[in-house]
Amino acid sequence: MGRQLIYVIAAICTTMTAVLLLILTAEPVANAGGSAHPVFAGMRIGGDGLARLEYIGTLGYAFQALLLSLIVAFATLGVSERHRTPRLRAYMIATLVFSVFILWRMVASHLNFIATGETSYFMGFPAATAWAMYGVWLGGIPLVLIYTLGFRQFIYTDEDQAEFERLVAETIAEGRENENCPKDAR
Amino acid sequence: MEAYRQEIILAAVALYMVFCVITGLWAMRRTTDASDFFVAGRGLGPIVISLALFSSTLSGFGFVGGPGLVYSIGVSSFWMITISTAGYALGFFMVSKRIRMIAELRNCISLPDVLAARYGSETVRLLVAITIVLGVMGYLATQILAMAVVMQAILSGTAMFADISLVACVAISSAVLIFYCVTGGIIASVYTDVVQGGIMMVAGVLILLTAMSVFEGGMTEATSIILKDDSEAIMPWGSAGIMASLGWFFVFGLGLAGQPHLVTKMMMNRKISDNRHIFPLSVMGYVLAALLWVSIGIIMRATVIDGVIPPLTLPDDAASVFLSVFTSPLLAGIVFAGLFAAIMSTSDAFLNIGTAAIIHDIPKAIRGKSIQNELLWARIVTVILAIVAALFALYSYYADATLVALLGAFGWATFAASLFPVVALGLNWKGATVPGAVAAIVSALIINFGVQLAGIALPYGVSGGLLSFVVSLFLFVNVSLLTKPPTLDRDIDRAMDI
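Line order of the protein sequences matches chains P and Z. Heads up: the first sequence begins at 278 in my numbering, then just goes up one per residue. Heads up: the second sequence begins at 2 in my numbering, then just goes up one per residue.
Worth double-checking, as some hints may not be accurate.
Negatives, chain Z to chain P, calculated, CB over 12 Å [stated by the list, open to error]:
(1) ILE48
(2) MET95
(3) PHE251
(4) ALA458
(5) LEU459
(6) SER464
Stretch by stretch, here's where chain Z covers chain P in the computed footprint (C-beta under 8 Å, at least three residues) [to be verified]:
(7) 325-338
(8) 360-367
(9) 404-414
Don't read these hints as lab results, they were simulated from the structure. All C-beta atoms, glycine included, are put in the ideal place defined by N, C-alpha and C.
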């Protein structure tokens, strides 16, 4: 995954644009964005969960999966090309799999609740919401670990630091350090 | 102690304001040039940067608007905060290293400076600077107004200041803000952020513990009450539905790396290698502080439904009612001081980048050079900018809120949509071109402004921010792929290889 990564990102962005257009042009559902609470002013209710997802549920899940893929692709793009080793790629793919697993568990728990009206609770929230609340938060933790623990391996190695220090020294020697004036203005 | 609730809250807020003034005076001695004023001479340590970073992310909105949103639409608003881990990750993976490198290589003092160096284009500098100025005006006006409204609510509860006017509160709060921003620049700003960050983390944990004790069955009982009333409100997509939730997930997650007041702070650290510590510290701080947002909102919705307390007049009253009903005066004082700190820290960050755009970037983009004696002008323009924003806030409150509402559209979502591709992708992809950047910025501004001006309600709760962000990303990548890759300056080219 070297220079092709940007084409992967372009494909994801294009697909997301298409999915969003499909959602915007889907059969409308009344109060899909919620409606006023019948008793308490200032509160809104969601109403019929199944009806709201009837035409756009799958598209919404696909949009979220694409977004999770985009996050991982962007994080990989943020790593210098020469450090995108097979090990880094494996970590990034594992991160994506973990995030998609959380999405799947959240969606499955929500659809199960809609079908049965029953839910278990985990740390104060219904199961589906607990996946959204704790799971999504945890979904980003592998990226924190890759960055923090792999900092000197993938992000800013000792060689990178030496190379940057050389670059700064050369820039100062050439007297270009105050030259933040772009070419089209020179 | 209960009898002195208002006085204790007032004392906590006053203490914080005195601290701001003292910090301003202390920082003034460390501010000798424009680089100190705008980027703290790139000499800040990891703890200061991480606290400043997360506390600027969670503005007064996190204290007031956040709990209000949970009260109003349930779990939908959780998506703004649960994405924070991934959002910070993108900021660090994509921006923190390269922005710091280019800042050092070219002595940059602002985000438009860095982008002008990266793209080799004054057009990009001008567009980014204009976007920042527009966004800053909207943000600043709303923050100053929020600060004054809260101050009026606190002061009017005491016998001495029972009749204090909103204008007086705007004057007092703006005066403190102006004083420490003018004297100490970004150095004063980040050190007040440190205290603010500390207060927010402590407040988040204490509020969570308080919230869990409101119902005998803890948070589970609270969420069961909401579930019985309207199950969707406490299910993953909340009352606002799947697309509104995913819109926030998208805009707040990816968009964090496009917020100018945040990424500018990534230029200020002493060493690039400090980023490995700054990242996890920022995430941890944000998560602790965000506990306040979630727990107050859930408890207030449940207690109103359960009849424990009467319905709120406005959803945004959720935090203040919770503090007055369920917390001790001391904790309420800490949280109110935290609220002021949150508003001020976001305001000073915006004052700083707005001033840089006006005195440094716009003149440089138009004339090819910045103005003489930047430090003096930075101080003068900071005062003018804050006064204009304060007048603007008062005008919107008493006469016509349309203009502020319009500029409010230039908030987080517009910065995210217009700047994320240009900053985050541009710093990591040599093929990103000036036409791609211009297309992304212009399309984001037009869509956000257009949707707001025309009052368009998109189906399924899709927001203008989400639409503009998706379109902007699509255009940035595809226009760049279709146009001739630029020839980068040698130093920028080498920095982008590291």
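Right, here's what the structure says about each hint:
1. Chain P leaves ILE48(Z) outside its interface by the beta-carbon criterion, the shortest separation being 15 Å against a cut-off of 12 Å.
2. At the 12 Å boundary, the C-beta of MET95(Z) falls inside the reach of chain P, the nearest C-beta of that chain being 4 Å off.
3. PHE251(Z), annotated as away from the interface, has a beta carbon of chain P within 12 Å; the closest lies near 6 Å.
4. At the 12 Å boundary, the C-beta of ALA458(Z) falls inside the reach of chain P, the nearest C-beta of that chain being 8 Å off.
5. The Cβ of LEU459(Z) sits about 6 Å from the closest Cβ of chain P, inside the 12 Å cut-off, so the non-interface label is violated.
6. Once the 12 Å rule is applied to beta carbons, SER464(Z) is inconsistent with being away from chain P; the minimum gap is 10 Å.
7. Interface restraint, the stretch 325-338 of chain P with chain Z: holds (7 residues with C-beta to C-beta distance below 8 Å; minimum three).
8. Evaluation of the coverage hint for the stretch 360-367 of chain P: breached, as 0 residues show C-beta separations to chain Z shorter than 8 Å, against a requirement of three.
9. Chain Z is given as covering the stretch 404-414 of chain P, and this holds because 7 residues of the stretch bring a CB closer than 8 Å to a CB of that chain, at least three being needed.
In this structure, the earlier hints numbered 2, 3, 4, 5, 6 and 8 are contradicted, and the remaining ones agree with it.
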